[in-house]
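Participant: Spelled out, the chains give:
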Amino acid sequence: MEGSAIKISGKQKSAFLNKVKELLPDGGNLSACLTCGMCASGCPATGMFDMDPRKFLRMAALGLDDEILKTPWVWACTMCQRCIYVCPMKIDVPQLIYNARASWPRDERPKGIRGSCDAAAKVDSGSAMGLTGEMFTDTVVELLEEVQEEQEGFDKLQAPIDKKGAHFFVNQNSREPQMEEDEMVPLWKIFHTAGVDWTYGSRGWAAENYCMFLADDEAWEKNVRLKSDMVKELGCKVWLNTE
Amino acid sequence: MNSDWNKDLKIKFTLQDPCQLVRKTFGDEAAEDMRYVTKKIVGEENFIDMTPNKSNNYCCGGGGGFLQSGLKEQRRQYGKVKHDQIMATGASYVIAPCHNCHSQIHDLSDHFEGGYHVVHFWTLICLSMGILGENERGHLGPDLEEFGLD
Ligand code: SF4
Ligand code: SF4
Numbered sequence: 001m002e003g004s005a006i007k008i009s010g011k012q013k014s015a016f017l018n019k020v021k022e023l024l025p026d027g028g029n030l031s032a033c034l035t036c037g038m039c040a041s042g043c044p045a046t047g048m049f050d051m052d053p054r055k056f057l058r059m060a061a062l063g064l065d066d067e068i069l070k071t072p073w074v075w076a077c078t079m080c081q082r083c084i085y086v087c088p089m090k091i092d093v094p095q096l097i098y099n100a101r102a103s104w105p106r107d108e109r110p111k112g113i114r115g116s117c118d119a120a121a122k123v124d125s126g127s128a129m130g131l132t133g134e135m136f137t138d139t140v141v142e143l144l145e146e147v148q149e150e151q152e153g154f155d156k157l158q159a160p161i162d163k164k165g166a167h168f169f170v171n172q173n174s175r176e177p178q179m180e181e182d183e184m185v186p187l188w189k190i191f192h193t194a195g196v197d198w199t200y201g202s203r204g205w206a207a208e209n210y211c212m213f214l215a216d217d218e219a220w221e222k223n224v225r226l227k228s229d230m231v232k233e234l235g236c237k238v239w240l241n242t243e
Numbered sequence: 001m002n003s004d005w006n007k008d009l010k011i012k013f014t015l016q017d018p019c020q021l022v023r024k025t026f027g028d029e030a031a032e033d034m035r036y037v038t039k040k041i042v043g044e045e046n047f048i049d050m051t052p053n054k055s056n057n058y059c060c061g062g063g064g065g066f067l068q069s070g071l072k073e074q075r076r077q078y079g080k081v082k083h084d085q086i087m088a089t090g091a092s093y094v095i096a097p098c099h100n101c102h103s104q105i106h107d108l109s110d111h112f113e114g115g116y117h118v119v120h121f122w123t124l125i126c127l128s129m130g131i132l133g134e135n136e137r138g139h140l141g142p143d144l145e146e147f148g149l150d
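Quick mapping for you: the protein sequence lines, in order, are chains A and B. So that you can map any letter, position 192 of the first sequence is 192 in my numbering, and since no number is skipped, the others follow by simple counting. So that you can map any letter, position 56 of the second sequence is 56 in my numbering, and since no number is skipped, the others follow by simple counting.
Simulated from the structure, these hints should not be mistaken for laboratory data. One or more of the hints may lead you astray.
[Claimed, not checked] In silico lysine-lysine, DSS-like type, Cα no more than 30 Å apart, as pairs:
#1 K72(B) - K70(A)
#2 K80(B) - K111(A)
#3 K163(A) - K237(A)
#4 K232(A) - K24(B)
#5 K164(A) - K237(A)
#6 K70(A) - K24(B)
#7 K24(B) - K21(A)
#8 K54(B) - K72(B)
Given these sequences and hints, build the entire structure.
Facilitator: Listed below in structure tokens is the structure:
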């Protein structure tokens, strides 16, 4: 469990830790660590890149900003928050990680996550796979017709798009329309059988948002607004995100 | 909706508690709801919980962008904890109510040759109601691929 010894050179103050403390309610308890190691012993990312949550926090507290802002470990922590759950002081380590991610130059953050965030920004759907509203609508309409014709008992099956005033606005992960469209049908059938009043949106229908993982707040907000604007425009009461 | 279909088959299921849905948002209440539905559709005696579970569950390793991060080796090493948890249940199916979990656990089963299948709730609900179409079975194993079709 123990990593290599940390060398302390003089009395450094962590600019990074202080910055994050200012952002968090009650400073995220970031200074209240008991060094008990509960977080590290239950973290599946412990040991990767010679790092673990306790060590990360201790290094931040000791002002070793250079090291913690450089370690690729911040991309191996899934920000799952289990460490907070088991921590006796409820210390918000993942928030620290998030801010460490955000301090990476954008073009040095993992290409895959960046690509998914950027692809979503280019289309009216918010889809990380770059699927447009029109492509999605075509896929849904065609598939629905097929099921109505071929499956017994489902000639009246619905998959509404832009239905004004529907109770539920339902987001769909891009993986289905892009790679396994038939997987959408069971959900439609359950809604149909239960008599649920729901709709997809022709815009902002995609459930995923990688910009948060990228720690790009601005792009994240843009993606969320694209969807929430659609919910408002249609006057839906509940926004159901299946991601 | 009931579990009659699984009375004789006795296929065992376990359930992944997505961090995002359970620990990070709705807490144990959502976890209890999922167990209620699971037991209804597969039968109480055919549901085997992982340890630990609910809000204390381990992340599958697909979250936080890990699947897109390019750190494949680390992602699988992280997921080994989840894989061992699943293997300990002896279940042949994992219900994964999140797309990240679904992709990650699918990859874990392949990579570590766990032999378990990963399914969505919607598949099982429709299966238990006898309305699952033949094209809607991509994630089911050979034991259920044709079950209930005439
Ligand atoms: S569990 Fe909390 S108090 Fe214990 S070492 Fe980790 S951060 Fe510190
Ligand atoms: S949030 Fe990160 S540090 Fe905390 S338990 Fe999860 S992976 Fe580990």
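Participant: Hints first: check each against the structure and report whether it holds.
Facilitator: Against the structure, the hints:
1. This hinted pair checks out: K72(B) and K70(A) have alpha carbons roughly 19 Å apart, not beyond 30 Å.
2. Between K80(B) and K111(A) the CA atoms are separated by roughly 24 Å; this keeps the pair inside 30 Å, and the hint holds.
3. For the given pair, K163(A) sits about 12 Å from K237(A) by alpha-carbon distance, which is consistent with the 30 Å threshold.
4. Of the pairs offered as hints, the one joining K232(A) and K24(B) holds, with about 25 Å between alpha carbons and a cut-off of 30 Å not exceeded.
5. Pair hint K164(A) plus K237(A) holds up; C-alpha atoms about 11 Å apart against a cutoff of 30 Å.
6. A hinted pair counts as satisfied when its Cα atoms are at most 30 Å apart, and K70(A) with K24(B) qualifies at roughly 27 Å.
7. For the proposed pair K24(B) and K21(A), the alpha carbon gap of about 20 Å is at most 30 Å, so the pair holds.
8. The straight-line distance between the Cα atoms of K54(B) and K72(B) is roughly 26 Å, inside the 30 Å bound, and the hint therefore holds.
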